[in-house]
Amino acid sequence: GQQVMQIPQYQHVQEGEDFTTYCNSSTTLSNIQWYKQRPGGHPVFLIQLVKSGEVKKQKRLTFQFGEAKKNSSLHITATQTTDVGTYFCAGRYSGAGSYQLTFGKGTKLSVIP
Amino acid sequence: NAGVTQTPKFQVLKTGQSMTLQCAQDMNHNSMYWYRQDPGMGLRLIYYSASEGTTDKGEVPNGYNVSRLNKREFSLRLESAAPSQTSVYFCASSTRSGEQYFGPGTRLTVT
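Same order as they appear, the protein sequences are chains F and Y.
Quick note: the first sequence uses the numbering used here, first residue 1, plus one each step.
Quick note: the second sequence uses the numbering used here, first residue 1, plus one each step.
It cannot be assumed that every hint is accurate.
Stated by the list, open to error - With a Cα cut of at most 16 Å, we get these calculated EDC-like pairs of lysine to aspartate or glutamate:
id, chain 1, residue 1, chain 2, residue 2
1, F, LYS36, Y, GLU99
2, F, LYS105, Y, GLU52
3, Y, LYS71, Y, GLU52
4, F, LYS59, F, ASP83
5, F, LYS108, Y, ASP38
6, F, LYS51, F, GLU67
7, F, LYS70, F, GLU54
8, F, LYS108, F, ASP18
9, Y, LYS14, Y, GLU59
10, F, LYS59, F, ASP18
11, F, LYS105, Y, ASP38
12, F, LYS57, F, ASP18
What the hints assert, rightly or not - Facing chain F, from chain Y, some residues (calculated, C-beta under 7 Å):
id, residue
13, SER31
14, GLY42
15, LEU43
16, LEU45
17, ALA50
18, GLU99
Stated by the list, open to error - Listing some non-contacts, in silico: residues in chain Y with all C-beta distances to chain F over 10 Å:
id, residue
19, ASN1
20, LYS14
21, SER18
22, GLY40
23, GLU52
24, PRO61
25, SER67
26, ARG68
27, PRO83
28, SER84
29, SER94
30, SER97
31, GLN100
32, VAL110
Don't read these hints as lab results, they were simulated from the structure.
The C-beta atom is built at its ideal place from N, Cα and C for all residues, glycine as well.
Here chain F stands alone, though its shape is the one from the complex (with noise of 0.2 Å):
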């Protein structure tokens, strides 16, 4: 089946320092959306993006799509510790089974103080 792959697993950084991580489908996506989990918590929707090439900001978080839609970044800049949690992306595939979604694995950041 279609598979998401995202690295890394773990992150750990110094508050201030920035923050990547990467996600990346054997075929094309038609689009990708990004989740952030909260320890304990569900994943909330942080942003979906559909075109080639399409970067979009919320304040210090930058979202990449690929030229090729198969894959896709999310960078954060200088940390803070309510950053810390699991971020998850999301492709959706075109076709039969369009409705869903495949999830990565999830990057774990945590911020040292």
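Following the hints, put chain Y in place on chain F, whose structure we already have.
Chain Y in isolation, oriented as in the chain F frame:
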């Protein structure tokens, strides 16, 4: 708006027991989903319902059944629980544009 609600929040079952996890959404979404989350495995889709009256299998449907009772409610049933079904279960619903809203989860332990 409550968003997506799930009951119960916690449950302990013995092997072979059955139970139903309840999910409801008040956002008038057509599509609803059941996921399980295990450490290091991310979120895996069990079943989904694209619209009222339809259900489809996801990645890991074995051992589960679902019912889309009406537009608001989507339940997940374990007929004969097994220790491998120990997990956190999330229900979600989605907008037309596809973003998903998750419930708070049910933490299930099967002994």
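Results for each hint:
no.	hint	in the structure
1	F:LYS36 with Y:GLU99	holds, 13 Å
2	F:LYS105 with Y:GLU52	violated, 29 Å
3	Y:LYS71 with Y:GLU52	holds, 5 Å
4	F:LYS59 with F:ASP83	holds, 12 Å
5	F:LYS108 with Y:ASP38	holds, 14 Å
6	F:LYS51 with F:GLU67	holds, 8 Å
7	F:LYS70 with F:GLU54	holds, 12 Å
8	F:LYS108 with F:ASP18	holds, 14 Å
9	Y:LYS14 with Y:GLU59	violated, 25 Å
10	F:LYS59 with F:ASP18	holds, 13 Å
11	F:LYS105 with Y:ASP38	holds, 10 Å
12	F:LYS57 with F:ASP18	holds, 15 Å
13	SER31	holds, 6 Å
14	GLY42	holds, 4 Å
15	LEU43	holds, 4 Å
16	LEU45	holds, 6 Å
17	ALA50	holds, 5 Å
18	GLU99	holds, 5 Å
19	ASN1	holds, 15 Å
20	LYS14	holds, 26 Å
21	SER18	holds, 25 Å
22	GLY40	violated, 7 Å
23	GLU52	holds, 14 Å
24	PRO61	holds, 12 Å
25	SER67	holds, 18 Å
26	ARG68	holds, 13 Å
27	PRO83	holds, 22 Å
28	SER84	holds, 18 Å
29	SER94	violated, 8 Å
30	SER97	violated, 7 Å
31	GLN100	violated, 6 Å
32	VAL110	holds, 21 Å
The structure fails to meet hints 2, 9, 22, 29, 30, 31 from the earlier list, while all remaining hints are met.
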